[in-house]
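K.L.:
Spelled out from the first residue to the last, the chains are:
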Amino acid sequence: MPFIPHTEDDIRAMLEAIGADSIEALFDEIPADLRIRHLDGVPETMSEPELARLMLERSEQDGRPLNFIGAGAYEHHIPAAVWEITTRGEFYSAYTPYQAEASQGTLQVIYEYQTMMTRLMAMDASNASLYDGASALAEAVLMAVRANRKSKSRKVLMPVAVHPAYRATTRTIVDNQDIDLIEVPYDPAGGHTPVEALKQYEGEDITALVIAQPNFFGILEDVDDLTDWAHANGALAIAVVNPMAAAMLTPPGRWGEKGVDIACGEGQPLGVPLASGGPYYGYMCCRKEHVRQMPGRIVGRTVDRDGRTGYTLTLQAREQHIRRSKATSNICTNQGLLVTASTIFMSIVGGAGLQRIARTSHANTRALVERFRDNPAVGPVFNRPYFHECVLKVGVPLDTILPALAEDNLLAGYALAQDYPELEDCLLVCATETKTQQDLDRYADAMNRVVGDNAATGRTAKPKMA
Amino acid sequence: MPFIPHTEDDIRAMLEAIGADSIEALFDEIPADLRIRHLDGVPETMSEPELARLMLERSEQDGRPLNFIGAGAYEHHIPAAVWEITTRGEFYSAYTPYQAEASQGTLQVIYEYQTMMTRLMAMDASNASLYDGASALAEAVLMAVRANRKSKSRKVLMPVAVHPAYRATTRTIVDNQDIDLIEVPYDPAGGHTPVEALKQYEGEDITALVIAQPNFFGILEDVDDLTDWAHANGALAIAVVNPMAAAMLTPPGRWGEKGVDIACGEGQPLGVPLASGGPYYGYMCCRKEHVRQMPGRIVGRTVDRDGRTGYTLTLQAREQHIRRSKATSNICTNQGLLVTASTIFMSIVGGAGLQRIARTSHANTRALVERFRDNPAVGPVFNRPYFHECVLKVGVPLDTILPALAEDNLLAGYALAQDYPELEDCLLVCATETKTQQDLDRYADAMNRVVGDNAATGRTAKPKMA
Amino acid sequence: MLIFEHSRPGREAPGHSPRELADVSDIPAGLLREDVPGLPEVSELQAVRHYTRLSQKNFSIDTQFYPLGSCTMKYNPRACNTYAMLPGFLARHPLAPASTGQGFMACMYELQEMLKDITGMKAVSLTPAAGAQGEFTGVAMIRAYHDARGDSGRSEIIVPDAAHGTNPATATMCGYKVREIPTMKDGDVDLEALKQAVGPQTAGIMLTNPSTLGVFERRIQEIARIVHEAGGLLYYDGANLNAILGKVRPGVMGFDVIHMNLHKTFSTPHGGGGPGAGPVGVSERLEPFLPVPMVGNYGDRYHWITEKEKPQSIGRLSAFMGNAGVLMRAYIYARLLGREGMHRVADFATLNANYLMVKLREAGFDLAFPERRATHEFIVTLKRQKKELDVTAMDFAKRLLDYGYHAPTTYFPLLVPECLLIEPTETEAREELDGFVEAMIKIQEEAETNAEVLKEAPHTQPVRRLDDVRAARELDLAWSEH
Amino acid sequence: MLIFEHSRPGREAPGHSPRELADVSDIPAGLLREDVPGLPEVSELQAVRHYTRLSQKNFSIDTQFYPLGSCTMKYNPRACNTYAMLPGFLARHPLAPASTGQGFMACMYELQEMLKDITGMKAVSLTPAAGAQGEFTGVAMIRAYHDARGDSGRSEIIVPDAAHGTNPATATMCGYKVREIPTMKDGDVDLEALKQAVGPQTAGIMLTNPSTLGVFERRIQEIARIVHEAGGLLYYDGANLNAILGKVRPGVMGFDVIHMNLHKTFSTPHGGGGPGAGPVGVSERLEPFLPVPMVGNYGDRYHWITEKEKPQSIGRLSAFMGNAGVLMRAYIYARLLGREGMHRVADFATLNANYLMVKLREAGFDLAFPERRATHEFIVTLKRQKKELDVTAMDFAKRLLDYGYHAPTTYFPLLVPECLLIEPTETEAREELDGFVEAMIKIQEEAETNAEVLKEAPHTQPVRRLDDVRAARELDLAWSEH
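Line order of the protein sequences matches chains A, B, C and D. Take any residue in the first sequence, note its place counting from 1, add 2, and you have its number in the numbering used here. Take any residue in the second sequence, note its place counting from 1, add 2, and you have its number in the numbering used here. Take any residue in the third sequence, note its place counting from 1, add 874, and you have its number in the numbering used here. Take any residue in the fourth sequence, note its place counting from 1, add 874, and you have its number in the numbering used here.
Keep in mind that the hints were calculated from the coordinates and are not lab data. These numbers come from a predicted model, not from an experiment. Ideal Cβ positions, reconstructed from N, Cα and C, are used throughout, including at glycine. Honestly, I wouldn't trust all of these hints.
What follows is a list of derived Cβ distance ranges for each label pair [what the hints assert, rightly or not]: (1) D:Asp1342 x B:Gln420: 48 to 58 angstroms; (2) C:Leu906 x D:Thr1334: 43 to 53 angstroms; (3) B:Glu424 x D:Pro902: 21 to 31 angstroms; (4) D:Pro1056 x B:Lys260: 45 to 55 angstroms; (5) A:Asp42 x B:Asp401: 50 to 60 angstroms.
No farther apart than 27 angstroms at their CA atoms in a straight line, the calculated lysine-lysine pairs in the DSSO-like style are these [as the list claims (entries may be wrong)]: (6) D:Lys1182 x D:Lys1260; (7) B:Lys328 x D:Lys1051; (8) A:Lys154 x C:Lys1051; (9) C:Lys1051 x A:Lys328; (10) D:Lys1316 x B:Lys328; (11) D:Lys1051 x B:Lys154; (12) D:Lys990 x B:Lys152; (13) C:Lys1051 x A:Lys157.
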């Protein structure tokens, strides 16, 4: 019996102790007509060797394409040490550190993580993680509504240039709480969210403004102006920041005059493998004054009876298991193991290393874009600086060429028209530090080839927009 | 600087403490004309991501053929838990347990391993491992020469049916010690080592007889008769046993009237991956009276000052670091990590599990052989029972068909003619428990096809020998 | 010592980042960071040693018996980790085309199918990232259902007073008022109170069955009838699914929607507090509202189901498809158990719980529901010890750590005073349970003869009892050199 | 508790072996085992928990500073393990045709080439499984060389008295008599004694340079001349190669043959006592005798070199090619270091050793060779402490464990009384060395004021000092129930 240690002797002795005739008898409080007879939808048991073989086959059956998709999940090198330590049984198979004295390993890791995130973001406090970047933004919106006591409107300005899945997730989660998510358009030339677009809301009661850096198009926003606009208009500023970008760009705690109120985003770039989308983790940082409105677990440093330093879960009075229907969030389990991985990742890579990775990722994407300088059919759509992603307009139908490139083991980017119909045949392309010059050449050659092949048959190539 | 923690400050302060101007100055006792100027044969440093990519490519570039080769290294399932625990830093990065009190983990593992091996082999004592099965046989021969005090001849009977690489290794290692390795032929019909072949040595001073179970051809020897012959003739009996076979066959400690004196062999089948041939480990067990002649490390159970049970290296007086030129062997480092893996493997698989694996391996090989019942060009060479390997005569030249099958991702077996010229176009084939009926079908279909294709062009098919 | 205290300016673990500082002069200086983020500067060995040693300061399933009630701390098979982390799976981008992810998607599709059969539901979406998000999803679908029918006057969710805190918190997040109903002395829901509570304002009820009290709600069919007749739907909180795996399908009990905590019932790792995964299953009427993405198939080709195919979906819950790697581990676990193994989980979880309960009762401990069968867990109350000896459930919990056992859940459910909620799980051997009983007996003796040793416990851990009040009052949430 | 004590008849971890007991009736009953081997019958969780907990009872590089002299306990990069254990590498059968192993063989070939350059040798064979087997290989080749020239009267190998025990043991295994020569007070070999010792009976000399005394043999060129002029060859014991990596090539010093301990210098794991790997490099005249197999290449295709291509080879040393997985880890390590990183190993190993030596001298400890530079290691002698305070090197060693440091090598080399052979390695940070010095100072204070605490040490380990005498006298090498 897989994973069950009971011998026949054990079963007999245990039933005798209980005073039951059979294991079946232990279920006598369940109405008989409810009981399962067959489980035909579950296949027969597999032995581990059978399973191993199946999984090896499935993991290899689709090849390993060279990937230039980012769009919210980024391919970065992860030191081997990170996951070899993270999956040690003591981290892997422990639970939430309810018994602090027997969980100092996990608790200290989280405290170190919180410290690292506050330093990376230049913020005062960090929680112990949320599910992912998108749901973290939703929680940030809810938090802002709680934290901005002066505002009654529950209106939140949400730029269209924020990741579409983040916006969708936020909609799903805040939908039933009378919150008004107001879309702010992006500038068609720059791809950024112009402060001018906010003008119309001046004087209104706005609860919060969301600011993504970079935004979904990879474009860098005028974060100082946007932050100051929010504060000048009584709104809280919520930053959504790629933490890898924060290593080279002004961190959200220093945007504008006083920095943002809440920073959140996707922790995946910090040591978490792509792995089809999860588990990742959402990080969240805030200013000191908002800490009691922050959702999720928080670890604090304290002392034991002998005055020795120790770590413990704190501010639990915010949480659902204490406050129930009045909790800041219903979150319970978060993404502890990913936080462990990220903490080890940041320790090994270091701040300077992170900065070099960020800068090389930027430079690689720029170098990739440069390779199309002489191809009139391929070129950047927006004219503003970007981090490590860029929107390329391709002069032929993407639905023709992307499958062809994928066949050739090249994932050329994310097609934007599914979310932005106005960006037809536009591709969001990302080249992180993992890409070599040869990889960029391979991309350029393949793209030039398929564009050439398809130019005649496809939609007419449009002139570059920038 | 990879793996070096020194900052510029550290270097300065440390040199100052030493009173040296530079690190270079610390090498001032080395004659200047000896110093290296260039290391052109070593490539430039690789970052871990570059390395990761190279290794992924190299590990995958050759495909993953379906393997039917055994010949001393056997494909068995290894529970995932085995290596996840074995590679924990505390096992992986510790050394030989010289400081017993700070090495109870490793020491207890070895003590448990010794216990398991003595039970599997039905012997009195086990050491903590040797390099591999082949060198273990060499050490067993040397040990027998020391242990058989009544014998002066240093003559050891070595059947030709013992693994050719084991015989070669033994030759290399005992070559300079005046030991006479006398070959004993195998029976051409049965593939076994007949006791009759030993008749001519009766009355002679023979130091030891080597008995392999199964032998290199997979054939089961008449181990009882051979063991009794050795003892009747004043020789020690040295068993070379596949430990997986020992789970279903009479263990060497029970061969004949009194069991063998020394049992040794390759530990790889017990939880060690094929991995191109190593690291594996040699096991060695012996009767109580020979324990002080056994080479390698041995762990004993003892007590500490408070009377608590503990484990420690013992009988070190045999070893080179104490006895130097009079040591039982020059062995120092052995194969500790593999022993750890094997110990966990045996714990998880258990004795009954081991027996089922062994029996299924036997049955699978037999089923594979059966599939050629109707093919006159392919059939077994020997007519005696075998464990999980069988010699098949193939009626076409192997040098034609093996590469064709390998091209087709099938490793059809080990060609015996390289070691046994008389076994031209004979293939040693192994189907362990890892092979499904579909795998056996695939083998049979592929073999029937290539044999059919080549029958016309190749050497004439010979009639089956059995 | 913190990792930051190993840091020295200029130290680093090279080889993990580019050597050159690439040019970024195309970016306006005002947008660039002026300093290097203040992360630790340590060697790789220092990091490895630090975190390896830290790990040893944890209790975990892999090192200790961990009978934390309601959390199902059972063995996390190593195979699930090894095979979910094969390089081919780790490398796949979530937005890579389905054509390059057929192997992965086959696993997800099959997992959906298995969960459907196990729960008796019509359809399953894997995307919720944890139990609480699954709860949110379920209640949001209930709301979407009523809204789609124009039945929007329903403003209340009924929750028993014994429920997990996530239940009322979730109902609130979905804009519902929470109406608590009491539990009777035998641990079952008070049906009279329920009848009183339901009405046209009732959107639904959230139930855990077995409940958090460790007993099976016997009159579940009647509850379903009452709620359904009032026009409400039934939400099944799958936290305790381990107790009935392969025994009863929540769909057959009458539930309309269920979430499953895969990190409990399907043994994916708890990871020091996540990641979990909280797939939801629904009956036919809720199917249109399931969150996306889901995996569909045509023959043997798999594809993603998105809002396009499910226009009534409540939408997305995360940027991609949820905790894929957790789902992979659950898939592997389910395949290793197979059809034959599923009901054994409930069998032996129940056997272990009842055995442990009986043994503790024999040892003189008071049970919260002495007349009831234990399900996969049960409750000991130390009210008497508190009163007579002035020792608390917390004191017992801390002292258990000294005996090498993780403490059971304490002070939950809230309605049982000084409670220990004990869940041994099916993967623990009888000797382990006997050892736990022995420890409890010894601690009881200590409480009677030398209560100080409990009050001062733990004595053998890296730290002694921590000052939680100070932690909350003098907030220290991040380290600084000063 | 032993794993056997968790065993219960009939318990098992299923799913790792076939469920059926296959028919073996074709095998005569007399050959079949009558019982089931008495291995533990435990659940998978019990095994995982038992061995995880056991692992925590070890000191290791990953958890402690481990300055075990002569063993080079430096950081074992995790990348070496991760990438050597890729599924594709683990699955390859050693006898699979070279056509299906080109990726693996490319690594092996490149490793041979790198080791050639590093050692200054003409050719390298990777096959020896450990240092001692490398030594055997080297001396066997020396013998084969003399024999091939018909110069078979050479019957002696010269070994300094400070040599590793493996050196004389190896010479004996190869049928040689061992002739020891003394070391001078400054740590160098006594050249006059060497001149006396050499002659037509001299087959060769085995030397470690730097020697086991932690000093570089300054007159190595003269030694080479003396031995070569007598017709002998020079064997380099690579145990201390870490001290001169990228600094001096043994081939240039005049050595004819060298073995390398990859588990020392190339940082493959020590594994609780192996596996190691002991490749040998040789000068031109010994090349024909190298053990097989080796990897050759034609253009970019790799093939195996066997006895066919090397008919004078001393032969095989193991069934296959040696410790391939260890060689892979060494290959990865060498690539990560690269050309630029090699000499830094020696630089910082030497810096650390000299710094630690100076600090300990300043703290009042006596050095064995106070006039000499430390190489990568050095010797402290506690002769004075033994005499004045009646505490031994062993007492210091055991007490160091209480301070969280693994002890240095004690009582080796044999010619320095009460010695501690201390090798910090290049991967340790200065703070770690300072911490070690502090611990030594405290222990010295304890020795002066409360020697009992040393003599009774360790106090913080899973067991206190063990009775080795009893272990050897009342041999208990395997557990039994009775």
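K.L.:
Now tell me, hint by hint, if it's right for this structure.
P.N.:
Here's how the hints hold up against the structure:
1. D:Asp1342 x B:Gln420: 48 to 58 angstroms: holds, 49 angstroms
2. C:Leu906 x D:Thr1334: 43 to 53 angstroms: With Cβ atoms ~50 angstroms apart, the hint holds.
3. B:Glu424 x D:Pro902: 21 to 31 angstroms: Given about 27 angstroms between the Cβ atoms, the range holds.
4. D:Pro1056 x B:Lys260: 45 to 55 angstroms: With a Cβ separation near 49 angstroms, Pro1056 (chain D) and Lys260 (chain B) satisfy 45 to 55 angstroms, so the hint holds.
5. A:Asp42 x B:Asp401: 50 to 60 angstroms: holds, 52 angstroms
6. D:Lys1182 x D:Lys1260: violated, 59 angstroms
7. B:Lys328 x D:Lys1051: At roughly 11 angstroms apart (the allowed maximum being 27 angstroms), Lys1051 (chain D) and Lys328 (chain B) satisfy the hint.
8. A:Lys154 x C:Lys1051: Roughly 20 angstroms separates the two Cα atoms, so the pair holds.
9. C:Lys1051 x A:Lys328: Satisfied, since the Cα-Cα distance of roughly 11 angstroms is no more than 27 angstroms.
10. D:Lys1316 x B:Lys328: Roughly 40 angstroms separates the two Cα atoms, so the pair is violated.
11. D:Lys1051 x B:Lys154: holds, 20 angstroms
12. D:Lys990 x B:Lys152: violated, 47 angstroms
13. C:Lys1051 x A:Lys157: With a Cα-Cα distance of about 22 angstroms, the restraint between Lys1051 (chain C) and Lys157 (chain A) holds, given a limit of 27 angstroms.
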